[in-house]
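Residue numbers (our numbering), protein chains in the order written: chain X, 1 to 363; chain Z, 1 to 363; chain V, 1 to 363; chain G, 1 to 363.
None of these hints come from the bench; they were simulated from the model. Incorrect hints may appear among the rest.
Note that the list lumps identical chains together, so a pair holds whenever it fits in one copy or between two copies.
Result set (DSS-like, lysine-lysine): computed pairs, CA atoms no more than 30 Å apart in a straight line [to be verified]:
1) 64 <-> 26
2) 64 <-> 142
3) 136 <-> 151
4) 222 <-> 242
5) 50 <-> 155
6) 242 <-> 50
7) 254 <-> 142
8) 133 <-> 217
9) 27 <-> 50
10) 217 <-> 136
11) 203 <-> 320
12) 155 <-> 16
4 protein chains.
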Amino acid sequence: MTSKKLSYGDYLELDKILDSQTLQSKKNGNIVHDEMLFIIIHQAYELWFKQILHELDSIIEMFKDNYVEEENTGLVVSRLGRIIEIQKLLIDQVSILETMTPMDFLEFRDLLSPASGFQSIQFRKIENKLGMKPDKRVRFGKQRYDQYLSKQDRKAALNSENSASLFMLLEDWLERTPFLQFEEFNFWESYKEAVERMINNDKELIYNNNSIDDTAKEVSLKNYDVIKNTYEALFDEKKYIKLLDEGHRRLSQKATLAALFIKLYRDEPVLQLPHRLLTQLVDIDQLLTSWRYRHSLLVFRMIGVKIGTGGSAGHGYLKKTAEKHSIFRDISNLSTYIIPRSSLPKLPIKLKKELGFFYVHGK
Amino acid sequence: MTSKKLSYGDYLELDKILDSQTLQSKKNGNIVHDEMLFIIIHQAYELWFKQILHELDSIIEMFKDNYVEEENTGLVVSRLGRIIEIQKLLIDQVSILETMTPMDFLEFRDLLSPASGFQSIQFRKIENKLGMKPDKRVRFGKQRYDQYLSKQDRKAALNSENSASLFMLLEDWLERTPFLQFEEFNFWESYKEAVERMINNDKELIYNNNSIDDTAKEVSLKNYDVIKNTYEALFDEKKYIKLLDEGHRRLSQKATLAALFIKLYRDEPVLQLPHRLLTQLVDIDQLLTSWRYRHSLLVFRMIGVKIGTGGSAGHGYLKKTAEKHSIFRDISNLSTYIIPRSSLPKLPIKLKKELGFFYVHGK
Amino acid sequence: MTSKKLSYGDYLELDKILDSQTLQSKKNGNIVHDEMLFIIIHQAYELWFKQILHELDSIIEMFKDNYVEEENTGLVVSRLGRIIEIQKLLIDQVSILETMTPMDFLEFRDLLSPASGFQSIQFRKIENKLGMKPDKRVRFGKQRYDQYLSKQDRKAALNSENSASLFMLLEDWLERTPFLQFEEFNFWESYKEAVERMINNDKELIYNNNSIDDTAKEVSLKNYDVIKNTYEALFDEKKYIKLLDEGHRRLSQKATLAALFIKLYRDEPVLQLPHRLLTQLVDIDQLLTSWRYRHSLLVFRMIGVKIGTGGSAGHGYLKKTAEKHSIFRDISNLSTYIIPRSSLPKLPIKLKKELGFFYVHGK
Amino acid sequence: MTSKKLSYGDYLELDKILDSQTLQSKKNGNIVHDEMLFIIIHQAYELWFKQILHELDSIIEMFKDNYVEEENTGLVVSRLGRIIEIQKLLIDQVSILETMTPMDFLEFRDLLSPASGFQSIQFRKIENKLGMKPDKRVRFGKQRYDQYLSKQDRKAALNSENSASLFMLLEDWLERTPFLQFEEFNFWESYKEAVERMINNDKELIYNNNSIDDTAKEVSLKNYDVIKNTYEALFDEKKYIKLLDEGHRRLSQKATLAALFIKLYRDEPVLQLPHRLLTQLVDIDQLLTSWRYRHSLLVFRMIGVKIGTGGSAGHGYLKKTAEKHSIFRDISNLSTYIIPRSSLPKLPIKLKKELGFFYVHGK
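The following block holds chain X by itself, in its conformation from the complex:
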């Protein structure tokens, strides 16, 4: 093979990729076999983070560019789908690290201090670009996460914090959804009635259920009052703003109603891809949570309840973030207001046509 032709190794720049594993334990004069795994698995994570950012950036760009063209929705959905596949791999990848025993890990852990996964700027960017709110982050001490980063990385982190996130662009896009206001538009009323019927029906089932005791009944019935309240707030601007102000909601009322409409009428042709998109965002959220949870279990296996290598984030911290760092919670919370298919108000014919294919309705 002549030197001018592209070779596999040159294309992948394997000279650099495969020459980037320097064991601290070797520098220290006492090679620990398992440190190689520790380096390589984290490099693999970072490669995948780069790919996630590549997809995320392109998605954000498409959302910015007056997005709504159908081909783009398809593309956004397929790229979110790729992110999801990568996330699943990242979770599975933990199994490989679990083949390292705690005793072997402790053999080189101290040599890494104060380096810490906490310092992965790519991971922070992913969180920020998805729309993690800085003030919702679980803190360690009084410091913000970016205090652990180098100057250059801190700048990049703040940059990604201040740019338009997927959450914000999604909110805009949802607010721009047509169809919500329609001429003879009274089916929101029918929907409201259907939800009320469902809630009352549920309450009655509880009330008449002799297999649970009075305390349990009372708790359940109270819970339903809360559900009813938040649901009524969906249609009442003042109440909704209160929920926003108190931090119970983050997504605007208009966007929330649009998302609800999409969830309810997901089977209409024009809403199928938007519905998949919403579902994917909830999936991405849950997979991030699963990854954190799996990661925290691993850290627990490795060092117990002690601290992490950066002098900072051990099992406890990771467990907390797994529980709290949800971004698209307002979307996933809509499940509470889903009603049985048969109770779904029929759409006005004219609207139904708007949501369909030209091929069927255009003639």
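Could you slot chains Z, V and G onto chain X? The hints should help.
Coordinates of chains Z, V and G only, in the frame set by chain X:
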């Protein structure tokens, strides 16, 4: 084929198995296609629960029968391994139920009331036989879980509660572990020193880490005091009993020390299988947790924050049990006291011999 | 709980489900612990087969009923999606059976003779309803597969063979696809040119590639002649019929062209679901193959190259069926004729409109 | 953070790792979004290949160093276990590449020519170090695989071909297994009788099975004659050498008998780890096969039956290698000679002691 010969269908009693799917929605005059899936997936779950109980019972029996014969340890490990494979399948199985939309589920949900997965007697038996403590269960209302069961099932549940659980038998078995008291047995002292060295070293790393602020340092250092305290209690009977009394520990001191010994010297031939056994119990615990967590996410997707079909256990309840219902926590907590391989005190030669193969040492 | 209320156990008919495990080894007076697993895993398989048939029947029904309504395409896609999830589980389920050692299996294998998985009528129905051609089946001896079935099962098998299969209904549906003949319809010409360009380009790359030797080049170039021939047959009725007659193709020319059109213009709104449907059928085929392959590996682990319990189908037979029993091969073979996105001929504006949403084009 | 302290990014050399993705399509002036994925996934593969080689080298080293110390067997088993976990990940990783459509792949495929995965020197090393025989490789053209490599890589490939492979070292190790020749050693005789009984029993079952026809019976019975022949060769040096010469066997007779002994008496303490080791080697073989198979399916989806980018190895080649490139086949073939647990000849007490723990037998 003559009628006397065993056929596949007869062997598996498929006439009964495949004739046990009666749709409530059909009785109700309005077949809901997806109800079939709901029935079949739960029947598959119950079949696997039966298999888990089959393995669990045989394991408990072997533990009772003066167990320690080596062949049996191997058998116990392989049967626990089977339970683990089944648990993984049960978790994956959730993906199939996720293909049902909430709107379709709500179409037949009310018809099932007050039936509820809460009433699975086999699942309760599994929990009890593993060693779930009745008073540790998350309650719904003031009632115990068995109040939701039929008379006959309640009796079976209480029965399994009162029999020797795997937890109890494991405790006995650990307490019987030889090797802990040994003639010139002073390596527990070396081990104590090694842990202290490790903890002090960790504290120093925190103290000198300029990348975290003072508040964070203080929190971390306090955390280490707790670690040191509980670790000292391992070797101090009075302190340990206090931990037991306050509910911080459940496993006896003697059993805990034996488990720690096994974890530390897992590479010695005679300890390899016991170590796998301990690891498997922690895995079973974690997989139960994952299953509950995955299940609670599914319920949330299906009905949001509303209650479950039995008028009882919705997403919130399941999430709580996922967090609290740990059985072998004292075993998994030992990770905190693992030390680097190189700090591990050398075993006395005589003891090392005791832990080895006859083939090597017997001559 | 009063007896009239639906309980969990009654709903699932657990009295029957959990009372259908009769160990032959027990009858024989010598219980083999692992036989329980063998029974339960096969019962779980049969439960899932019932679910697959439930979905398949409903899909076939929708295809028959003049299908093309958009909501139904969505429903078909989601039910095929469910079948795929079930198939993945069936494959994973093999891991559980792998926890049984060959030595333990051989302990009760002979007691099962001549019962054999070969006799699963539900599995045969699945194959037939998908569209397996009876004369394409790998034979054991000179007999057809149905000779191993009971009279009643044989009738059911032949019945499913003779009913309209998914393959046939798909062919009809593809043939009915509109859009293929269009007024100024000359883009098939541009497509032909694009394929020719691609093939010639590939041939040139081979020709100029100095890293492979002459023999290899010759083989490759000949291969490309075959590709070119079959591709030309796509547009030439006589040639195509010859391919059909010789058994190289099964799907009609018209249906094949429609499928190709869908694959090429998958991004157009009205073609997105049809494209997913085609992809799913190929997935179902491949998952069936994977299942057979995984199954054959297991059988090999259990009994080596010996025969199966029914005196018939061992590892060799299963391996053969894994390789040959493909149903939707003509669909998957289309990959050869996919061209780069940028070479895709632009659709006439009028046609593009036909393929879009009313919402966009209808005004 | 001061510059002297180790940071996460420095430790992982992320400046190099994340700066090694140069899109050919960008050089070409027309960026193809999906090329990034193509690069990153292959880099991830190469990182994991490096890790596999790291483990493999250490295992080979341990085998060379007069290996038999028990601790090392444990270490070998845990490192093979890690390779297996990595292999599973490599297979799952294919799902991510499947999110790329063929149309997008074809957009940049030609730019990569003649680079080809065929040129991965690390993968060749893995094959060679495991023990792939050069003359068993599926050829493309008349050339050996190393003709596709650069001069430097070719040298490395030949080097790995000529060093002691895991297969060879395993053979040595098995041949050194003690216990096979034992004083009153007549249980091989009992074993032979047990196998003969099993084979005769199987033949009788076939002979009396009325549900299969005469042709099938004949084929089966002939098959059993082959089984009997090869099994007899196990104990007959001349016959065995003939099998070796004709290429039906690769592992020496002595090593094969030792492997069989280990498989049969796997429950004896001293044989448990050796048995896991043998099982793992078979697993590694099968996972390599699965990876090739999954890879060939992907290539088929991407380019159909056309050739690969290197002008060489398309779907057909990969499919062939998936079927033929088995290394530890002689080990997996032993399944044919496994007998029911209850037929296993009892070991002489003295030998049983040799295989047990000192703790039990040493006193």
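Here is what the structure says about each hint:
Taking identical chains as interchangeable, the C-alpha atoms of residue 64 and residue 26 lie at most 30 Å apart only when they sit on different chains, with a minimum of 23 Å there against 49 Å within one chain. In this assembly of identical chains, the alpha carbons of residue 64 and residue 142 never lie at most 30 Å apart, being 35 Å within a copy and 53 Å across copies at closest. Taking the shortest Cα distances, residue 136 and residue 151 sit within 30 Å of each other inside one copy (23 Å), while across copies they are farther apart (49 Å). Proximity of residue 222 and residue 242 under a CA criterion of 30 Å is satisfied intra-copy only: 20 Å inside one chain copy versus 39 Å between copies.
Within a single copy, residue 50 and residue 155 get their C-alpha atoms as close as 18 Å, which meets the 30 Å cut-off; across copies the closest is 34 Å, which misses it. With identical chains, the CA atoms of residue 242 and residue 50 are never at most 30 Å apart, being 39 Å at best within one copy and 51 Å at best between copies. For the identical chains of this complex, residue 254 and residue 142 are neighbours neither inside a copy (36 Å) nor across copies (41 Å), given an alpha-carbon limit of 30 Å. Taking the closest pair of Cα atoms, residue 133 and residue 217 come within 30 Å of each other only across two copies (25 Å); inside a single copy the shortest separation is 37 Å, beyond that limit.
Within a single copy, residue 27 and residue 50 get their C-alpha atoms as close as 29 Å, and across copies as close as 20 Å, so both meet the 30 Å cut-off. Taking the shortest Cα distances, residue 217 and residue 136 sit within 30 Å of each other only across copies (22 Å), while inside one copy they are farther apart (34 Å). Within a single copy, residue 203 and residue 320 get their C-alpha atoms only as close as 34 Å, which misses the 30 Å cut-off; across copies the closest is 22 Å, which meets it. When the C-alpha separation of residue 155 and residue 16 is checked against a cutoff of 30 Å, the pair qualifies both within a copy, at 27 Å, and between copies, at 20 Å.
Comparing the model with each numbered hint stated earlier shows that hints 2, 6 and 7 do not hold.
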